[in-house]
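Line by line, the protein sequences give chains S and F. Note that my numbering gives residue 17 to position 17 of the first sequence, counting from 1, and the numbers run on in steps of one. Note that my numbering gives residue 155 to position 155 of the second sequence, counting from 1, and the numbers run on in steps of one.
If you are wondering where the hints come from, they were derived from the structure by calculation, not from laboratory data. We treat Cβ as the ideally placed atom computed from N, Cα and C, and that holds for glycine. It is possible that some hints are incorrect.
Said to hold, decoys possible - Quick look at which bits of chain S chain F covers, simulated, 3 or more residues with Cβ under 8 Å:
hint: 1; segment: 9 to 16
hint: 2; segment: 27 to 41
As the list claims (entries may be wrong) - Some but not every residue of chain F turned toward chain S, in silico, with C-beta under 10 Å:
hint: 3; residue: Leu35
hint: 4; residue: Val37
hint: 5; residue: Ala41
hint: 6; residue: Trp112
hint: 7; residue: Gln113
hint: 8; residue: Ala120
hint: 9; residue: Ala123
hint: 10; residue: Met127
hint: 11; residue: Ala128
hint: 12; residue: Leu130
hint: 13; residue: Leu137
hint: 14; residue: Ser143
hint: 15; residue: Met146
hint: 16; residue: Gly148
hint: 17; residue: Asp150
hint: 18; residue: Leu154
Unchecked claim - Sample of chain F residues at the chain S side, in silico, Cβ under 10 Å:
hint: 19; residue: Thr12
hint: 20; residue: Ala14
hint: 21; residue: Ile18
hint: 22; residue: Trp81
hint: 23; residue: Ala114
hint: 24; residue: Leu132
hint: 25; residue: Trp151
hint: 26; residue: Leu157
hint: 27; residue: Val158
hint: 28; residue: Gly173
Here is how the chains run, residue by residue.
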Amino acid sequence: MISVRRRRARRLAVALIVICVLAGAVPATYEIARQGLSTWASTEPFREGRTSDG
Amino acid sequence: MTTGTARADALTPAALLIARLLPAAVVLLAAPLLLDVALGAPGAPAELHRRAPDVLGKAALGTLLASYAITPIATLSGWRWHIVLRRDYGLWTFAIAATDLVLAAVLDERGWQAGIAGSAGLAAGTMATLLLIPLALTSNRWSMRMLGRDWKRLHMLVLPVLLLVAVHLVFIGSDAFAIAFLSVVAVLWVLRLGAVTRWIGRVRAGRT
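Bound conformation, chain S alone (with noise of 0.2 Å):
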């Protein structure tokens, strides 16, 4: 028998990790609209140089 304190921790944290999805999907995929998905999935500009990351 799951405690109501343990359940709503549960919700509370399946609910973080529900927006911590959308606040990534949502901005990645007003990108993938504005670019087009062959620009957005390019590693060209990493491997010119132009942005260094990682």
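With chain S held as given, fit chain F onto it using these hints.
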């Protein structure tokens, strides 16, 4: 033998303190850049935007791997003194990655969306950082008590985070780095499997 053990015991707190503070070196490395931006030095934001992802990205990667390696190290060595570093390095990873994300959003001239999700590589890194939020927020005893068995399930989120980091590395063109990263993750993952830890435990018990 006793003297050696006593010396090791005396060294442990010092080693732990050094290990806990090691990621702070990144803050010191980035400090001059941040100071230049704060003082309004010409070209400082552009320089920070150019160099921060490299410094912070590599540091976050290092602390993430270090955090994931703590349990396998305990399995292999039998040490327990370093277990506290798992949480420490996890929180450092979040702090460094979140700083990287905020700087990317604020400093990108194309706008914040492009800064954090302007390419597949950036979006994967952003998603990995965002998924660290539930992990960082629940890295405390209160959350462990509240969530019970679900806490462990929640912290399995580290696996998608590691995968997203690998995707991030592939899409930013660091193929060799991605392969090295995934290889280390795979070894650490195998060392975390129940059957493997039990086998290592039996081997270690047989030796003593």
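Hints, verified against the model:
no.	hint	verdict
1	9 to 16	holds (count 4)
2	27 to 41	holds (count 7)
3	Leu35	21 Å, violated
4	Val37	18 Å, violated
5	Ala41	20 Å, violated
6	Trp112	8 Å, holds
7	Gln113	4 Å, holds
8	Ala120	4 Å, holds
9	Ala123	4 Å, holds
10	Met127	4 Å, holds
11	Ala128	9 Å, holds
12	Leu130	4 Å, holds
13	Leu137	7 Å, holds
14	Ser143	8 Å, holds
15	Met146	4 Å, holds
16	Gly148	6 Å, holds
17	Asp150	5 Å, holds
18	Leu154	5 Å, holds
19	Thr12	34 Å, violated
20	Ala14	33 Å, violated
21	Ile18	26 Å, violated
22	Trp81	30 Å, violated
23	Ala114	6 Å, holds
24	Leu132	9 Å, holds
25	Trp151	9 Å, holds
26	Leu157	7 Å, holds
27	Val158	13 Å, violated
28	Gly173	4 Å, holds
Taken one by one, the earlier hints fail for this structure at numbers 3, 4, 5, 19, 20, 21, 22 and 27, listed in ascending order.
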